[in-house]
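The sequence shown begins at 1 in UniProt numbering and counts up by one.
In short, the hints are calculated from the structure, not lab data. Note that CB positions come from ideal geometry on N, CA and C, so glycine has one too. Do not rely on the hints blindly, as some may be mistaken.
[Said to hold, decoys possible] Below, a list of computed lysine-lysine pairs in the DSSO-like style, where the Cα atoms sit at most 30 Å apart:
id	residue 1	residue 2
1	142	153
2	142	53
3	142	48
4	48	153
[Claimed, not checked] Label pairs and their computed distance ranges (CB to CB):
id	residue 1	residue 2	range
5	88	146	35 to 41 Å
6	165	85	36 to 42 Å
7	118	150	37 to 43 Å
8	51	135	24 to 30 Å
9	88	151	36 to 42 Å
10	109	83	17 to 23 Å
11	51	6	20 to 26 Å
12	20	158	25 to 31 Å
13	79	143	17 to 23 Å
14	87	166	41 to 47 Å
15	37	133	36 to 42 Å
16	28	153	31 to 37 Å
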Amino acid sequence: MTALLDINPLLDELETGLRDVLERRGIENPALIGIRTGGVWVADILNKRLGLKQDFGELDISFYRDDFSRIGLNPTVTPSSLAFDTEGRDIILVDDVIMSGRTIRAAMNEIFDYGRPASIILATLIDLGARELPIQPDVVGKVLELETYQRVKLRGPEPLHIEFQETGQ
């Protein structure tokens, strides 16, 4: 069984939350980075909504994962693409779903390989809790609690939508 969740209120919440954080911290020219794949789709939308003048960056964190030796290489690994210097920049890091925090840790490791940013603001569309690492988003579209047999997946890019699936206990 698959159910859908309306993504537009979540994107509205992310945009509003990011505007608030940027204003509160006095950040006027952030660089936006999306984590492939879903985070890139969300970053594209946020980049337009926030009216940022610079293209957003894309990270493929496959080589930075701490489970790389166990699960192997994803056959669709593509190079990361950052058209800007991260050194001293205020970064908005975007992902679609945060659960354990491990993807975000890997993304931050890769960002630091490009240079030391002034700050990183973490924005996620959905927060599932279940942290294994002490990493918390600054802005969240929606916090969800799923049963162990439930999964959530961002599908897209056109149309971008959120699916809930049941794996069968």
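Against the 30 Å threshold, does the CA-CA distance of residue 48 and residue 153 hold or violate the hint?
At roughly 23 Å apart (the allowed maximum being 30 Å), residue 153 and residue 48 satisfy the hint.
25 to 31 Å as the expected CB spacing between residue 158 and residue 20, which holds or is violated
holds, 29 Å
Pairwise beta carbon distance, residue 165 to residue 85, judged against the given window 36 to 42 Å:
holds, 40 Å
Residue 51 versus residue 6 beta-carbon gap, inside 20 to 26 Å or not:
Roughly 24 Å apart at Cβ, these two residues keep to the hinted range, so it holds.
Range first: 31 to 37 Å. Now tell me if the beta carbons of residue 28 and residue 153 are that far apart.
holds, 35 Å
Quick check: does the Cβ-Cβ distance between residue 87 and residue 166 fall within 41 to 47 Å?
holds, 45 Å
Check whether the Cα positions of residue 142 and residue 48 lie no farther apart than 30 Å.
holds, 20 Å
Would you check the hint for residue 142 and residue 53, treating anything up to 30 Å between C-alpha atoms as holding?
Status holds; Cα separation ~27 Å.
Go ahead and decide if the range 17 to 23 Å is satisfied by the Cβ distance of residue 109 to residue 83.
Because 20 Å falls inside the window, the suggested range holds.
Beta-carbon spacing of residue 88 to residue 151 - inside the hinted bounds 36 to 42 Å or not
holds, 39 Å
When you take the CB atoms of residue 88 and residue 146, is the distance between them in 35 to 41 Å?
holds, 39 Å
Residue 51 versus residue 135 beta-carbon gap, inside 24 to 30 Å or not
holds, 28 Å
When each numbered hint is compared with the structure, violations occur for hints 13, 15.
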